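Novice: Given chain A, put chain B in place with the hints provided.
Top line first, the protein sequences correspond to chains A and B.
Note that the first sequence ends on residue 166 in my numbering; no numbers are left out.
Note that the second sequence ends on residue 450 in my numbering; no numbers are left out.
Hints were generated in silico from the structure; no laboratory data involved.
All values derive from a computational prediction rather than experimental measurement.
We treat Cβ as the ideally placed atom computed from N, Cα and C, and that holds for glycine.
Errors might be hidden in some of the hints.
[To be verified] Below, a sample of chain A positions facing chain B; criterion: calculated Cβ distance under 8 Å:
# : residue
1 : Pro31
2 : Gln87
3 : Ile142
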Amino acid sequence: MATIFNDTQMTEFKRLVARYPEGKQKSALLPALHLAQDSFGGWLSTEALDYVASLLQIEPIEVYEVATFYSMYNLKPVGKFVFEVCQTGPCMISGSDNIIDYIKKTLDIKPGETTKDGLFTLKLVECLGACGYAPMMQVGKIYKEHLTKEKVDSIIAEYRAQASNN
Amino acid sequence: MGVKLLLDKANVPGIRTYEVYRREGGYRAVEKALKEMTTDAIVEEVKKSGLRGRGGAGFPTGMKWSFIAKPEGVPRHLVCNADESEPGTFKDRYLMEFLPHLLIEGLIISSFALGSNDTYIYIRGEYAWIPDILEEAIEEAKAAGWLGKNILGTGFDCNIHVQRGGGAYICGEETALIESLEGKRGNPRIKPPFPAIQGLWMRPTVVNNVETLAAVVPIINMGGEEYAKIGVGKSTGTKLISACGNINKPGVYEIDMTITVEEFIYSDEYCGGIKDGKKLKACIPGGSSVPILPANLLLTTAKGEPRYMNYESLSDGGFATGSMLGSGGFIVLDEDQCIVKNTYTLARFYRHESCGQCSPCREGTGWMEKILQKIETGKGEMSDIDLLWDIQRKIEGNTICPLGDAASWPVAAAIRHFRDEFEWHVKNPELAQTSNFGLQHYADPIHVPA
Numbered sequence: 001m002a003t004i005f006n007d008t009q010m011t012e013f014k015r016l017v018a019r020y021p022e023g024k025q026k027s028a029l030l031p032a033l034h035l036a037q038d039s040f041g042g043w044l045s046t047e048a049l050d051y052v053a054s055l056l057q058i059e060p061i062e063v064y065e066v067a068t069f070y071s072m073y074n075l076k077p078v079g080k081f082v083f084e085v086c087q088t089g090p091c092m093i094s095g096s097d098n099i100i101d102y103i104k105k106t107l108d109i110k111p112g113e114t115t116k117d118g119l120f121t122l123k124l125v126e127c128l129g130a131c132g133y134a135p136m137m138q139v140g141k142i143y144k145e146h147l148t149k150e151k152v153d154s155i156i157a158e159y160r161a162q163a164s165n166n
Numbered sequence: 001m002g003v004k005l006l007l008d009k010a011n012v013p014g015i016r017t018y019e020v021y022r023r024e025g026g027y028r029a030v031e032k033a034l035k036e037m038t039t040d041a042i043v044e045e046v047k048k049s050g051l052r053g054r055g056g057a058g059f060p061t062g063m064k065w066s067f068i069a070k071p072e073g074v075p076r077h078l079v080c081n082a083d084e085s086e087p088g089t090f091k092d093r094y095l096m097e098f099l100p101h102l103l104i105e106g107l108i109i110s111s112f113a114l115g116s117n118d119t120y121i122y123i124r125g126e127y128a129w130i131p132d133i134l135e136e137a138i139e140e141a142k143a144a145g146w147l148g149k150n151i152l153g154t155g156f157d158c159n160i161h162v163q164r165g166g167g168a169y170i171c172g173e174e175t176a177l178i179e180s181l182e183g184k185r186g187n188p189r190i191k192p193p194f195p196a197i198q199g200l201w202m203r204p205t206v207v208n209n210v211e212t213l214a215a216v217v218p219i220i221n222m223g224g225e226e227y228a229k230i231g232v233g234k235s236t237g238t239k240l241i242s243a244c245g246n247i248n249k250p251g252v253y254e255i256d257m258t259i260t261v262e263e264f265i266y267s268d269e270y271c272g273g274i275k276d277g278k279k280l281k282a283c284i285p286g287g288s289s290v291p292i293l294p295a296n297l298l299l300t301t302a303k304g305e306p307r308y309m310n311y312e313s314l315s316d317g318g319f320a321t322g323s324m325l326g327s328g329g330f331i332v333l334d335e336d337q338c339i340v341k342n343t344y345t346l347a348r349f350y351r352h353e354s355c356g357q358c359s360p361c362r363e364g365t366g367w368m369e370k371i372l373q374k375i376e377t378g379k380g381e382m383s384d385i386d387l388l389w390d391i392q393r394k395i396e397g398n399t400i401c402p403l404g405d406a407a408s409w410p411v412a413a414a415i416r417h418f419r420d421e422f423e424w425h426v427k428n429p430e431l432a433q434t435s436n437f438g439l440q441h442y443a444d445p446i447h448v449p450a
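So here's chain A without its partners, still in its complex pose (with noise of 0.2 Å):
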């Protein structure tokens, strides 16, 4: 996958630049590596962080110390669907541990990890904000609340289908 901006993301690009005053073109940076994390095939490799940097004209340390800061930037190649779990405090005490142990075992990976077939990484998470909602997991910007066993068997077969229909 080239790392380059496309003509619309290039356009998203500019409209996040424009946001500041002229010479503060570095406080897109975050905004700016989520745009290039969701067009470089959902992580950002060295060449990614470089080719911001050079479209933000700092330097690429200014964008490393960043990109390895947020928790958010996944700085090696992920599944094509993240399950991020949540496992702090208040999901914990509403089951999320049990929801953890049973996507280890329907996907077979640990935490970090990748399925085979590279559709899914399993990553844990800590407190996303939707506690009342537990237990709970973020796929791509979508929050699947209040999960069960039953409810992660079908969140898994529609991504499934998903994946197979393109």
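Specialist: Below, chain B without anything else, positioned relative to chain A:
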């Protein structure tokens, strides 16, 4: 039914759209503020209302506004803190998702009062679908003339921009948020200078929580004095409480801060009681960093008086026997929950979220996590409990930002009130893997000497 000022229209179909929001009386406060009031009068009204920051710290909003420096020719900024990351807290998400125009309206008035022509909403990156909702609302407001150039012919220009974070609890701390908004790691700044003097791009900046800014709308509509009549003492107006854990009705509730904790937990209007008919063991009433309280001290103060859902009552007794209202993240634990395990997950959270700048927090949060994991997995020793106490005490107050305190308090409170449960884990390492300490005396209100 208590008074509702923020969520009163939350159930009106289509309230998310400009058309319905306006029809229901929306943007009246902007009209009033921009056409009939001076910027000083708006600040004065917010001061009179007694509104306190709803993000957790509870600092008086009007006073915070009055600190903003106004050097000639230097732009000023209002930044809306939508980084909501304190475990147990999900109220701002609700406001932004279902009542985006209420926030936009509050932002316009507050931007006018502070002289911010470019206002930023910094929203936690994980709330990835909400920027679309907010940006749509901003476009609608702009099309209707409430944003953009020369709003209502006053000569005031204002644009609101939404920026997503990258996943970091620390960015809820206002100077870390500013760093992040400048495209950097979320390392909190040493204060002074305070943001009101040198904030975003070293310009005078006010950072306020989502709920705080939304509350400006009813304050302008009804007047600060009327707003201050709701509630009790220094807990004026209404507060959003996000309730979660082992209760029948988790969700976001607006309360007027005059109800008791008991009513909030057991009445059908709010939490609807403990799930599956179980007993209440403990509660973290204001987001994960505030002290956990056993049932007896939660429902009544150490003096034996009923405890109320407000700033003063929840902190009655200090940390010895009280807690804090904090962000309003209300986490309820039933009789089957293990305090050691709960504390361990919170310690892990704070270790994960420490920015690493200050040694006591960077090292200490990791030590606390490891020791708690050791106790939780049946490998603990009695001396570990005292070691935990010692570490938390050495983190608290010794860091640039309050994350160190936030990491220490849950550990301190758990040991303070549930030391017997920690000891039971150490003494019964195998049993603790398959069963829980349970309720013991916590759920039966007992007299605790002052």
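Novice: Under the constraints set out in the numbered hints, which ones does this structure not fulfil?
Specialist: none
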